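Engineer: This is what each chain is made of:
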Amino acid sequence: MFRATDRCSRPIPANAGIGLRFQHHQAVLDTRPDVAWMEVHTENYMGGGSPIRCLETIRRDIPISLHGVGLSLGSAEGLDQAHLDRIWQVAERIEPDLMSEHIAWSVSGGTYLADLLPLPMTEEALAVVCRHVDQVQNTLGRRILVENPSTYTLFRHSTIPEWEFMAAVAAGTGCGILCDVNNIYVSAKNHGWDPSAYLAALPSDAIGEIHLAGHSVRQFADGGTLRIDDHSSRVIGEVWSLYEEALRRFGPVPTLIEWDQNVPPLDVLVEEAHHADALIDVASDGVRRADAA
Amino acid sequence: MGFGVPTLLDIQTAMRRGLLDDGHARVAAILDDALAPADRLSIYRNTSRTALINALRLNFPAVQRLVGEDFFAAAADTFITREPPQTAWLDLYGESFPDFLQSFEPAAALIYLPDVARLERAVCRALHAVDAEPLDYSQILEIESSAQQRVRFTPHPSVSLVFSLYPVDAIWRAVLARDDAALAAIDLSAGAVGLLVERRAGEIEVTRIDQRQWIFAEALFSGRSLSAALAVADDPDAAAWLAAHLAAGHLSNFALSNSESLVVAEHTQ
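Listed in order, the protein sequences are those of chains A and B. Using this note's numbering, the letters of the first sequence map in sequence onto residues 1 to 293. Using this note's numbering, the letters of the second sequence map in sequence onto residues 1 to 269.
Simulated from the structure, these hints should not be mistaken for laboratory data. Incorrect hints may appear among the rest.
Derived DEER-like restraints, expressed as beta-carbon distance ranges [unchecked claim]: (1) Pro161(A) x Asp180(B): 53 to 63 Å; (2) Asp134(A) x Asn253(B): 57 to 67 Å; (3) Val130(B) x Asp260(A): 46 to 56 Å; (4) Gln219(A) x Thr50(B): 17 to 27 Å; (5) Gly4(B) x Gln219(A): 27 to 37 Å; (6) Glu203(B) x Thr159(A): 50 to 60 Å.
Bear in mind the structure is a predicted one, so any value in this text is a computation, not a measurement. Heads up, the beta-carbon is just placed ideally off N, CA and C, and yes, glycines get one too.
Okay, chain A solo, but in the shape it has when bound:
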């Protein structure tokens, strides 16, 4: 259980932020877009040179979240200590307001497979993930958030529903949950789950951030379809509705618009963020009315 002083001491505001990509660095420095915070992939700022120096500059004005994509919390063979050290070095320079990783695995047999691969939902996998989250939080001296995956397959021998797995990781390690609403929608559609029941099963007090993104639908030769979480388009209506449901349940939460492929002009990202902000405002009014009653 993580009990050390959390070095992410200034919480990210409970408003909408956007994913920051290299092609927007200059526009962000020049125009200071009207969003509450930004999130970057930690792996894009390792080493030295221009990228991290640019992020240091942006970070003076805008709260930054470091979102890792390569640590492989679910690896049976342990974490790559050198990679964890590089993440620590980025965190030392950027002093992020939030850090997160995924409930997934990407490394096996010393090979990085460059995707967030699905874990069987078993007691063994849960123990592995909890051990690694402990290791990460102790190394970084920070509480992290872990993100629920989008998945395209399940394992026959899984014994724990994914929402219970998420809650158990948070309860077992003291970490928070990054609730990716699009991932819940994608996985629910792919596996026939009830997305509302998934949301309802997550512990409200552990939710530290929400992700929103676009996804696509792929048709297969045998007539089957899968929703693919490709972060390459606008958030769809059904996901916005599920997001409103999440806000009603969790209250206002820092919310990120993720868009990593076919990245649009900065204005489009800001527009999506403003839509999320409007929904957060509605949720805040609801909370205030409930408090006043």
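Following the hints, put chain B in place on chain A, whose structure we already have.
Structural biologist: Below, chain B alone, put in the same frame as chain A:
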């Protein structure tokens, strides 16, 4: 994989093989069967391959323009299967891609291609090298003059050397600038080039240095003692070259080699 419930290690090993070798038989046994396991695995395989091919494209942009997107993707795909990355820091993926291209038969006609890749590799290292302060001159002057010959320098992390029988710097510049006229004007028989690649104030610089200087720099940057590097160079200008490297910030640290055996060990590198 035996009978009963597979362990996490079993699953991850089977999926890794499925993703790298395009086999799915072992994985099929552990997945549920709402959709063909091959289709499900193909989604992960596509994402993984696309990410890794893109990483190589970003690290070798001139190579890609020289061979075309489709050829590059096919070569990268073969390379990825043979030598997948060992870490999630993909900015540095492709250390051995130049050597792979050297032995990649379909690219054999482009004799300068592996060396363009070696230059891009040096550029990539320079771009992403950790930040480091240049060596403070005065520290060297404080060393007793009798010990100065035993100094072994560490080059700045962004600095490296490339040598080619072809004018790969001119090719690299023309290709990235999409300057077809410049590319057409390049004389492949113009002679060998020695290049120093570095990051200065965030920008990449590729500088030609003459072969005598290159040989000295190679000895100096590979950690040989100063006396050994000067002996390799055997040139009256070598002391001035050293001063120029120090002034340009090409060296970031030094140590004293304490015994002959250490010096001998260096020579066997």
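Engineer: Hint by hint, say whether it matches the structure.
Structural biologist: Hints versus structure:
Distance hint for Pro161(A) and Asp180(B): a CB-CB separation of about 60 Å, consistent with the stated range 53 to 63 Å. As the Cβ distance of Asp134(A) to Asn253(B) is approximately 36 Å, the hint placing it in 57 to 67 Å is violated. The given range of 46 to 56 Å is broken by Val130(B) and Asp260(A), whose C-beta atoms sit roughly 26 Å from each other. The hinted window of 17 to 27 Å between Gln219(A) and Thr50(B) holds, with their beta carbons roughly 19 Å apart.
Range check, Gly4(B) to Gln219(A): about 36 Å between beta-carbon atoms, so the 27 to 37 Å window is met. Against the hinted window of 50 to 60 Å, the Cβ-Cβ separation of Glu203(B) and Thr159(A) comes to about 55 Å, which satisfies the hint.
Hint compliance for this structure: hints 2 and 3 are not met, and every other hint is.
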